[in-house]
Every structure is written in C-alpha cells, then in structure tokens.
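Participant: So you can see what is in the structure, the chains are spelled out below.
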Amino acid sequence: MAAPAPILRMSGIGKQFPGVKALDGVDFRLLPGEVHALMGENGAGKSTLIKVLTGVYDIDAGEIELEGRRVAFSSPLAAQQAGISTVYQEVNLCANLSVAENIFIGREPRRFGRIQWQTMRRRATEILSRLDLDLDVSAPLTSYSLAIQQMVAIARAVDIDAKVLILDEPTSSLDADEVAQLFRVMRRLKEQGIAILFVSHFLDQIYEISDRMTILRNGTLVGEYLTSELSQVDLVGKMIGRELADLEKLEARPPAREAAPLVEADHLGRSGAIEPFTLTIHEGEVVGLAGLLGSGRTEVARLLFGADHAGTGSLKIGGEQVNLRTPRSAVSRKLAFCSENRRAEGLIPDLTVRENIILALQAARGWSRPIPRRKQDELVDKYIAALNIRPANPDQLIRNLSGGNQQKVLLARWLILEPRLLILDEPTRGIDVGAKAEIQRLVAELSDGGMAVLFISAELEEVLRLSHKVGVLRDRRLVAELDNDEGLTTDTLTETIASGARS
Amino acid sequence: MTGITGLLDRRRTVPQKYIPVLVTAGLFVAMFVAGGIRYENFATGQIILNVFIDNAFLLVVAVGMTFVILTGGIDLSVGSVVALATMLSASLLKDGWPAFAVMALVLVIGAVLGLAMGAIIHYFEIQPFIVTLAGMFLARGLCYTISTESIPIDNPTFTDIAQTRINFGGDLSVTPSALIAVAVVLIAAYVLHYTRLGRNVYATGGSEQSALLMGLPVARTKIAVYTISGFCSALGGLLFAFYSLSGYGLSAVGMELDAIAAVVIGGTLLTGGSGFLLGTVLGVLVLGLIQTIISFEGTLSSWWTKIFIGLLLFVFILLQRVFSGGSRRRAP
Chain V
1 MAAPAPILRM
11 SGIGKQFPGV
21 KALDGVDFRL
31 LPGEVHALMG
41 ENGAGKSTLI
51 KVLTGVYDID
61 AGEIELEGRR
71 VAFSSPLAAQ
81 QAGISTVYQE
91 VNLCANLSVA
101 ENIFIGREPR
111 RFGRIQWQTM
121 RRRATEILSR
131 LDLDLDVSAP
141 LTSYSLAIQQ
151 MVAIARAVDI
161 DAKVLILDEP
171 TSSLDADEVA
181 QLFRVMRRLK
191 EQGIAILFVS
201 HFLDQIYEIS
211 DRMTILRNGT
221 LVGEYLTSEL
231 SQVDLVGKMI
241 GRELADLEKL
251 EARPPAREAA
261 PLVEADHLGR
271 SGAIEPFTLT
281 IHEGEVVGLA
291 GLLGSGRTEV
301 ARLLFGADHA
311 GTGSLKIGGE
321 QVNLRTPRSA
331 VSRKLAFCSE
341 NRRAEGLIPD
351 LTVRENIILA
361 LQAARGWSRP
371 IPRRKQDELV
381 DKYIAALNIR
391 PANPDQLIRN
401 LSGGNQQKVL
411 LARWLILEPR
421 LLILDEPTRG
431 IDVGAKAEIQ
441 RLVAELSDGG
451 MAVLFISAEL
461 EEVLRLSHKV
471 GVLRDRRLVA
481 ELDNDEGLTT
491 DTLTETIASG
501 ARS
Chain P
1 MTGITGLLDR
11 RRTVPQKYIP
21 VLVTAGLFVA
31 MFVAGGIRYE
41 NFATGQIILN
51 VFIDNAFLLV
61 VAVGMTFVIL
71 TGGIDLSVGS
81 VVALATMLSA
91 SLLKDGWPAF
101 AVMALVLVIG
111 AVLGLAMGAI
121 IHYFEIQPFI
131 VTLAGMFLAR
141 GLCYTISTES
151 IPIDNPTFTD
161 IAQTRINFGG
171 DLSVTPSALI
181 AVAVVLIAAY
191 VLHYTRLGRN
201 VYATGGSEQS
211 ALLMGLPVAR
221 TKIAVYTISG
231 FCSALGGLLF
241 AFYSLSGYGL
251 SAVGMELDAI
261 AAVVIGGTLL
271 TGGSGFLLGT
281 VLGVLVLGLI
291 QTIISFEGTL
301 SSWWTKIFIG
311 LLLFVFILLQ
321 RVFSGGSRRR
331 AP
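Read top to bottom, the protein sequences are chains V and P. Mapping the first sequence onto full-length UniProt numbering, position 445 (from 1) lands on 445, and the numbers just tick up by one. Mapping the second sequence onto full-length UniProt numbering, position 18 (from 1) lands on 18, and the numbers just tick up by one.
Do not take every clue at face value.
Unchecked claim - Covered stretches of chain V, as calculated for chain P (at least 3 residues, CB under 8 Å):
#1 104 to 115
#2 315 to 325
Claimed, not checked - Just a few of them, taken from the derived set where beta-carbon distance is under 7 Å, the chain P residues facing chain V:
#3 Phe124
#4 Ile126
#5 Arg199
#6 Ala203
#7 Ser207
#8 Gly215
#9 Gly273
#10 Ser274
Keep in mind that the hints were calculated from the coordinates and are not lab data. Quick caveat: nothing in here was measured; it's all calculated off a predicted structure. Cβ coordinates follow ideal geometry from the N, Cα and C atoms, glycine included.
Using the sequences plus the hints, can you model the full thing?
Facilitator: Shown next as structure tokens:
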C-alpha cells in the first residue's frame with residue numbers, strides 16, 4: 001500500500017512549562033484513513049501533544065502542517081473549524097444541557113437567528129442512530145451514563161466536518177460492549193478517510209484497532225511503528241525504557257503470615273449501600289475486593305474508614321471496639337483512604353506537590369502545630385524519590401502533573417501518616433503500565449513491611465497478583481471470601497462474581 | 001411498588017428541571033388564594049398588576065441578574081447602578097437635557113459599566129463577587145459626586161410616563177413601566193431560549209471548561225451577561241426614576257440582594273447552568289405579594305417582609321440542595 005500524503009504533520013514540537021520540559025523536538029504525522037495510536041507512560045507528553053495540536057497550549061518550538069499548510073491554532077475553536085475535533089478523557093460536555101444541544105451547541109440550525117429546536121432534535125436523533133444509539137435527545141445529558149455521554153461527545157466531534165478526530169482515552173470508562181460499539185464507529189469513520197488519533201492505556205485495544213503507533217517517552221519521540229510489526233512486549237519496553245521483567249517479578253507473592261487481626265468488621269452494614277458483611281484484615285495482609293462497578297466495593301471502604309455511618313454491626317480496630325463517626329477518627333487510628341475519584345475527592349489542583357503531600361499529616365497534627373519547613377522538605381523529598389514522582393519538583397502545581405503522578409502524590413499523602421491500614425480504591429485506574437507496576441510493587445513492599453492494605457480494583461489480574469485474600473462483592477453483598485491459593489484464577493473469580501458463590 | 005412506578009412516571013412527564021419553577025408558581029398561587037380568603041378586596045386582578053407596577057424596576061434588574069447567575073457569576077453592583085441611573089437622569093434633566101437623550105445616555109453608561117466589569121472578570125480571572133463589589137462602591141460613590149441630596153425630577157416627559165395609566169378595561173390598569181418590564185422579560189426569555197447567546201449562557205454556567213473545549217465563545221458570553229446586567233440595571237434605574245420622580249444616591253440600597261433573592265426563589269441555581277426566566281418573574285411576584293399581604297395585614301411592621309423573604313430563601317436554598325444533590329447521586 002502506497003502511503004498517502006499525511007494530512008497532519010508536526011515537526012520539532014517543543015513545549016516548556018515552568019520547571020518541566022513537557023515536549024522536546026517531537027515529530028508526529030497522521031495519514032488519512034488510519035487509526036494512529038499515541039503511546040507513552042503518564043507524563044510522557046501525550047496529553048500535552050494533543051493540547052498543543054488543538055490550540056489549548058501554544059507551542060514554543062516546531063511547526064504544525066495541516067494538509068500541507070502551516071497552521072497555528074489559537075483556540076480549540078480554531079482547530080475545530082480547521083477540521084480537528086477532540087474527545088477528551090473526561091467528557092467535556094455540558095451535563096446540564098440536553099443531548100441534542102450538546103451535539104449542536106455552537107452550530108445550532110437557525111433561521112433568522114432563531115434556533116430551530118425541532119430540526120436540531122431531529123438531526124441529533126439521526127446522527128445518534130448512525131452510531132446505533134437510541135436516546136431521548138431532549139433529556140439532559142446527566143440522565144445518561146458516562147459511556148453514553150462519551151458517545152454523544154464523539155457524535156458531536158464527528159458531526160463537525162472532521163478530518164482529524166482525536167480520541168483521548170475514550171475507553172477508560174466503557175465496558176466491553178461499549179468499546180466494541182465505539183470501535184465499530186471508529187472503523188466506519190476510518191473508511192470515510194478520517195484520520196483518528198487514539199490514546200488508550202489498554203494494549204489489547206490498541207492492537208485491535210490501530211494501524212500505526214507513535215511512542216513518546218519523557219517528552220521525547222521514541223519512534224513511529226506499524227502496529228503489526230511491533231510486539232506488545234517490545235512496545236511496553238519502548239514505552240517505559242526498560243524491560244518487562246520488572247513487572248513480572250511481583251508474580252510470586254509470599255503467603256500471608258499469621259499475624260494479629262487489625263480490622264475486624266462484624267456484620268457491618270448500611271442500608272441502601274451495603275448489606276452487613278464480616279471481614280477481617282490482618283496486619284501485613286493485602287485484601288483485595290473484586291466485583292462489578294456498583295457492587296458495593298467503595299461502600300465497604302467508606303464504612304471501614306468512617307466516611308459513611310454504619311447502620312448495623314460493629315468494628316474492631318486492633319482488638320478495640322470503635323465507632324468511627326468521621327474520617328478524622330479513622331485517621332487518628334492510623335487508617336488511610338485513597339479515594340477512587342482522585343480529582344474530586346483527593347487532590348487540590350492549585351496547590352503544589354509539597355502542599356498536597358503534607359496536607360493529611362498537617363491535618364492529623366492539628367493546624368495549631370505547623371510542620372517545620374525543614375521537616376516538610378525532608379519528608380516530601382523522601383516520598384518523591386520513593387514513589388518516583390515526576391517531575392521531582394516539590395513546588396510544581398498538582399494540576400501540571402499527569403494522572404499517574406497525581407495518583408502517586410495522593411498515595412504519598414497517606415503513606416506519610418504511616419497508616420496501619422491503607423485503603424486503595426482503584427489506585428491504578430487510568431494510569432499507564434509503568435506507573436501501575438510501580439504502584440503494585442509499592443503495595444507489595446508496604447504489606448511486607450507490616451502494613452495492611454485493602455485493595456479495590458476492577459482488574460481481576462491485579463487483585464489476584466497482589467492479594468492474600470479476595471473478597472467478592474455482588475449486588476451490594478459480600479458473597480465470598482476466597483484465599484488466594486493455587487486454585488484461584490481470574491476465571492474462578494469471574495465465575496464467583498457472576499454466580500454469587502464458589503461451589 | 002405501584003407508588004414507586006407512579007413516582008417515576010410523574011417524573012417522566014414533568015422533567016426535573018421544571019420542578020423548582022413549579023414549586024414557586026404553586027407558592028405564588030397559594031399565597032394569592034390565602035390572601036383572598038383572609039382579606040377583602042384582595043383577590044382581584046389589579047392586586048397582581050400592582051405588584052408588577054411596584055416592582056417593575058426590580059423585575060428588570062432581576063432579569064439581568066438571571067443572565068449573570070446562569071453563567072455561574074454574580075453581580076453585586078446592580079443596586080448602585082440603579083441609584084446612579086436615577087441620579088444621572090435627575091441631574092441631567094435639571095441641566096435642561098432632552099429626556100430621550102438622557103435615557104439613551106443612562107442606558108449606555110449602565111451597559112459600559114457592565115461591559116468593563118465583565119471584561120475585568122474574564123480577562124484578569126478575578127472573582128465576579130470582588131469585581132462587582134468594587135463596581136458597587138464605585139457607582140454608589142459616583143452618585144454622591146453628583147449630589148448628596150435628593151434631586152426632584154419635573155421634566156414633562158418623565159412625569160407624563162410616571163402618571164400615564166394604560167387601561168385594560170374594567171378596573172384594570174398598568175403603568176408604561178410595568179409594560180416595559182414585561183417586554184424586557186419576553187425579549188430576555190427569547191434570547192435565552194432561542195439564540196446562540198442564550199444557549200452559550202447555559203453552557204458556560206454548566207461547565208466553563210467544557211464550553212471552552214467545545215469551541216464556544218466563553219469570553220464573549222461572560223462579558224455579554226455583565227453588559228446585559230449593567231444595561232438592565234440602568235433601565236431599572238430609569239423605571240425607578242419614573243416611579244419615584246427623583247434621583248437620590250441612597251435609593252435602591254440592597255436591591256442587588258432583592259434581585260438575587262428573586263432569582264434564587266425562582267429556582268435558578270447559584271452554581272449556574274440551570275434555571276428559567278419565568279422563575280425569576282415568579283420570584284419577583286412572590287416578593288411583591290409578600291409586601292402586599294403585609295400591607296393588607298396593616299398591623300405588621302414592614303420588617304416582616306424581610307423575615308418572610310429570609311425564611312423563603314432558606315427553604316429554596318435547601319430545595320436546591322436536595323435537587324442538585326439528587327442529580328449528583330444519579331451521575332455515575
């Protein structure tokens with residue numbers, strides 16, 4: 001196949017943030033009618049490259065050519081008008097508006113300046129039906145799931161006369177069927193000659209859909225490859241710049257030692273959230289929680305942490321009967337909770353790395369006893385190094401960090417308290433292979449050091465790899481508690497989640 | 001079981017977004033009926049028209065405020081701009097300026113003040129609260145540079161407008177000011193619902209970041225709403241001048257809070273993105289009706305108005321909390 005002329009060519013792109021070189025001399029090209037995967041760890045510069053391309057940021061060096069003409073977009077609107085549409089990782093639509101409006105806003109069909117609502121609704125229905133979606137287009141977007149919202153975002157992007165469609169991690173919140181549906185849509189768009197730039201952390205998806213990939217590492221270009229010619233192992237090696245062996249090392253978990261029970265929940269429950277469950281977590285033990293989204297995983301964690309009040313049952317921590325009324329009392333008993341929703345509930349984007357890390361320790365000490373600056377620096381430097389937070393600059397604002405590094409900062413915040421039980425709710429969601437491996441290794445090390453960990457993840461392999469014991473949740477009930485022995489595989493876990501009990 | 005499905009069905013027929021407006025409408029009707037039962041000569045059409053007449057300026061100001069609050073902002077300067085408009089009109093008329101030139105100038109000044117505040121809010125990324133607070137002091141201070149005394153208006157055009165009554169037949173009549181206010185409401189409702197500017201207002205209020213990434217002109221929209229609010233305040237000031245036939249630097253103190261109260265009681269979320277102009281109209285009517293009822297009661301001091309407004313605000317803010325909390329829980 002003779003390669004057609006690239007529709008988009010970026011050459012020598014450089015972008016500097018205060019204290020960080022986000023992109024350095026990156027070349028990138030996009031051919032019409034291809035799905036091109038942009039690969040790299042968190043912080044490698046993928047998001048920055050996309051934002052530079054779509055005019056969210058200015059470039060400091062290099063040039064962008066679209067259809068052979070040199071362009072520089074001053075805003076996402078300018079990029080859109082030139083035919084570059086983007087669907088971001090978080091759904092960037094207005095949830096308060098209707099589905100139809102979200103597709104058409106800014107380009108509403110009008111007559112004499114008056115918006116033609118009927119035409120708009122009809123056309124919205126048509127566009128969505130082309131994506132096999134049957135929605136009530138006058139309903140507000142909030143009434144639909146995140147997956148549907150994502151599809152609406154794509155419908156919007158496609159309806160704009162797009163030559164280049166950028167999908168920045170569109171699949172991170174979709175289930176398998178929805179991903180298949182999305183891929184159908186992508187293949188159809190590809191046939192129409194649209195160039196698709198696709199970012200995803202799921203390697204299987206990359207190999208299923210993409211034709212070509214460009215790999216970035218630490219803001220520099222590693223290379224461009226045909227997907228069919230690069231094996232997954234080589235890909236990961238190129239992304240993280242070292243061999244996969246590091247990842248595999250974890251596989252052999254030492255068996256749980258006989259240790260004193262740290263947290264004993266006895267028929268703890270809360271009506272409407274989770275049915276009474278009994279769960280014991282020993283010191284140095286990693287307990288995994290598996291189950292579908294909405295099966296009550298997070299609710300268990302919130303009860304143990306005192307974020308919700310238990311309606312029934314009792315809780316013992318270190319053998320002592322406690323009644324956790326607030327997270328504060330949980331923190332004072334050396335419990336820590338790393339929330340699933342790191343953006344909304346955890347990090348404060350406008351504070352620096354140091355301030356975010358120190359926050360919980362300072363809160364635990366009380367505000368009348370400030371931590372001396374020297375102590376702060378010492379602690380922060382230690383954890384930045386221990387968790388390999390990049391950039392290793394304590395004065396960097398959190399919002400300038402990539403997702404994986406933000407997650408590490410959040411972890412550091414709780415680790416600094418030296419908790420006895422660390423609750424991790426989806427700590428590896430939306431972060432790349434390298435950071436994931438680092439966090440997994442960290443969990444293993446912590447538990448070897450005697451810390452108990454409650455590990456919640458949607459990825460069964462991850463749960464299996466790390467846990468000594470797995471609690472399976474289904475329909476807001478703890479249906480099984482399985483020892484992670486030879487007999488436990490992802491298949492048996494899946495079966496338990498599906499059927500409700502192991503035979 | 002049937003109860004639950006019944007509830008779901010009802011929710012489907014009345015979209016959740018209309019519920020706050022319907023609650024306010026129900027409240028207004030209930031107050032009107034209660035007043036009609038309790039007092040003689042209360043349940044007449046003229047009572048409602050009087051509410052419009054006495055609150056025409058507040059209605060216009062509240063319309064501007066609705067635009068601002070829908071984008072998630074706030075405009076504290078409106079009361080002072082109203083006072084400035086009355087002072088400017090009165091002093092310019094005293095100097096012999098023609099009435100219509102005065103009106104045009106006052107409206108332009110109001111709009112320019114709003115435009116300036118909007119530009120500062122957007123381009124310097126300063127909290128609307130602070131910028132409009134500064135605008136509030138500025139406009140109030142400008143009033144006193146014109147005069148610290150009350151200036152009477154005796155211009156024939158102004159007095160004509162003040163004294164004209166438009167009869168609807170029967171005993172029903174309104175002032176031109178009330179008609180102007182209604183016209184403003186209708187135009188504003190059209191703009192909000194049927195023009196791009198209006199939809200951009202809702203989008204910006206829903207999520208400014210998303211609106212920006214969807215390629216909407218967020219800057220223009222934000223500056224436009226403060227300009228509209230400034231214009232509406234100036235127009236409200238003119239209506240207030242027709243109503244009081246004087247200009248005084250201490251008039252309309254605290255009116256920004258009445259306007260915000262009316263918007264909130266009308267069901268518009270202070271966080272932006274959700275609400276209707278009809279709700280604001282109902283909010284103003286409810287406030288006006290409270291005053292009417294208290295004047296009918298006769299023995300109650302006018303401070304009771306504030307007490308009722310205070311209680312109502314509490315109830316409506318709690319209501320908003322319940323609704324927005326409910327929708328957040330539904331989101332995945």
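Participant: Compare the structure with each hint and give your call.
Facilitator: Here's how the hints hold up against the structure:
1. 104 to 115: Since three or more residues must qualify, the claim that chain P covers the segment 104 to 115 of chain V holds, with 7 doing so at under 8 Å.
2. 315 to 325: violated (count 0)
3. Phe124: Where the cut-off is 7 Å and the nearest Cβ of chain V is about 17 Å from P:Phe124, the hint is violated.
4. Ile126: Nearest chain V Cβ about 15 Å off; hint violated.
5. Arg199: 6 Å, holds
6. Ala203: 5 Å, holds
7. Ser207: Given a least distance of 5 Å, the restraint on P:Ser207 holds.
8. Gly215: 3 Å, holds
9. Gly273: With a minimum Cβ separation of about 4 Å from chain V (threshold 7 Å), the hint on P:Gly273 holds.
10. Ser274: 5 Å, holds
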